[in-house]
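J.: Each chain is listed here by its residues.
2 protein chains.
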Amino acid sequence: MQRKSFGNMQCPIARSLERVGEWWSILILRDAFYGLTRFDEFQKSLDIAPNMLTRRLNALVEEGLLERHLYCEKPPRSEYRLTQRGRDFRPVLLALLEWGNKHFAPEGASVVLLDASTGKKVEPVLVDGATGKRISEAEHVMAAGPAAGEPIQRRFAGTAPRTAPR
Amino acid sequence: MQRKSFGNMQCPIARSLERVGEWWSILILRDAFYGLTRFDEFQKSLDIAPNMLTRRLNALVEEGLLERHLYCEKPPRSEYRLTQRGRDFRPVLLALLEWGNKHFAPEGASVVLLDASTGKKVEPVLVDGATGKRISEAEHVMAAGPAAGEPIQRRFAGTAPRTAPR
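If you're matching them up, the sequences are chains A and B in order. At position 94 of the first sequence (counting the first as 1) the number is 94 in this note's numbering, and the numbers step up by one without a gap. At position 51 of the second sequence (counting the first as 1) the number is 51 in this note's numbering, and the numbers step up by one without a gap.
Certain hints may be false.
Heads up, the list lumps identical chains together, so a pair's fine if it works in one copy or across two of them.
Listed below are the simulated DSS-like cross-link pairs for lysine-lysine, each with C-alpha atoms no more than 25 angstroms apart in a straight line [stated by the list, open to error]:
hint : residue 1 : residue 2
1    : K102      : K133
2    : K44       : K120
3    : K102      : K74
4    : K133      : K120
5    : K74       : K120
6    : K74       : K44
7    : K44       : K121
8    : K102      : K44
9    : K133      : K74
10   : K120      : K102
11   : K133      : K44
12   : K133      : K121
13   : K121      : K74
14   : K121      : K102
Treat the hints as calculated values from the structure; they're not laboratory data. The model shown is predicted, which means the values in this text are computed figures rather than measured ones.
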């Protein structure tokens, strides 16, 4: 893309995208959730050029999504482990998984989410944490939050629900 | 990134990423959910180069996420509207929104999700659609699905829960 920076945008989606970096970063995070920790494991899984992998791992460490741990001093070898911030990215991966299975897997699902205790396939759905109601476009709208600056307030002017957010 | 194609990978996350294209595409989809439909609206919102915007819109139409509608014949002008496939991408955007608000908004949330009928702020959480149980790393694991080829089966060998998926 030769991306311009989204960092000065207030939009939390843009900020998230900037922090994740590039597609490779998302696949690295996916592999970290699969339990991979070492440079050569990621490289083998992703078939990615070493210099690119180094760059993406460094960026993920810098953004606080992965932590580097030295597991061997001579020669120096590091492991990469998910931080809490990295772990909190899991819903994004699961949403991508669902969307991919629904729309781009004509042969059927290759990767699924299972309930570990029952082994049953799970369909992850987004609900309102407080009420359990399914999130839908009709009933749940995005709106300017308390910290919104003027551009974001303008964007949502007229689209907010009648009742003010509390 | 000068991305190599992930299309021949079986992983649904990789396939999703390939279909979305680039960060710009996700921000275009976000704006489409905000109700923008016209070229100049996207351009103004995103401050993106016209040739880049044309390319991203064309790609999103090609991948079936947006539909092009001619709203003016002379001069020819098109609107871009979300398809069902595009609308199904919303959980990914909401997951990115949550993650951004949690980790990259030290000043507070600038964009929030509201219950349109009550105006209350909503925390979207992923649950098992069948049982309502919150999705967690401890209790919900990714595993090879029925259509998994050998590489994906190998990746998950030994990590699957004891009970077979049904």
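J.: Of the numbered hints stated previously, which ones are contradicted by the structure, given in increasing order?
T.: Of the numbered hints, 2, 3, 5, 7, 8, 9, 11, 13 do not hold.
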